[in-house]
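Colleague: Sequence:
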Amino acid sequence: MSIWLNPLLWYYWAPPFVWAVVILALSGDLGAVPTSHSIFKWVVSWFVTLPPHTLNQLHFKFRKAMHVICYGVLALLWLRALMASRPRLLKANIILALVLCLVVAVTDEGHQHFLTSRTGSLGDVVLDMSGAGFSSLLTAFYWKRRNSLPATAPRPYP
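Counting with the numbering used here, you get residues 380 to 537 for the letters of the sequence shown.
If you're looking for bench data, these hints aren't it; they were derived computationally from the structure. In this text the structure is predicted, and so the values were computed from the model without any measurement. Check before you lean on any hint, since a few could be wrong.
[What the hints assert, rightly or not] Straight-line distance between alpha carbons at most 30 Å, and here's what the computed DSBU-like set of lysine-lysine pairs gives: (1) LYS443 with LYS470; (2) LYS420 with LYS440; (3) LYS420 with LYS470; (4) LYS443 with LYS420.
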């Protein structure tokens with residue numbers, strides 16, 4: 380069987396690559412402030428009417444929170460794929476997942492640096508990596524706890 384036809388390859392490795400492509404697609408004009416602000420304003424207007432200044436502040440905080448969330452998910456997806464390939468190397472897999480997230484974050488912000496509609500920011504890379512680090516830390520605690528349970532104890536659903 381060809382490696383490309385292996386369903387486990389697609390099951391574990393396609394999600395982090397697809398998620399990274401989504402992140403990089405949003406680093407262009409598609410994720411620029413005017414575009415995201417109009418969508419954000421439309422969704423918020425379903426629930427409440429806010430003054431423009433408050434809406435702008437809320438939108439800014441939402442965008443920064445999305446950095447943390449998106450890269451937290453990316454780290455989980457990379458870690459899931461790596462643990463499927465090398466299940467006994469938790470520490471090495473976490474480090475590699477964080478390195479892969481850093482590559483995507485630097486590529487993302489580097490791309491934005493060259494666009495007129497966006498500005499690349501080292502602070503955003505820090506936000507990205509804080510999300511990746513936090514989710515990796517939670518995953519490590521979960522993995523250690525799950526694998527340290529006695530053999531007679533029922534395993535939690537993965």
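Colleague: Look at each hint and say if it fits the structure.
Modeller: Hints, verified against the model:
no. : hint               : verdict
1   : LYS443 with LYS470 : holds (28 Å)
2   : LYS420 with LYS440 : holds (13 Å)
3   : LYS420 with LYS470 : violated (42 Å)
4   : LYS443 with LYS420 : holds (16 Å)
Checked against the numbered hints above, the structure breaks only hint 3 and satisfies the rest.
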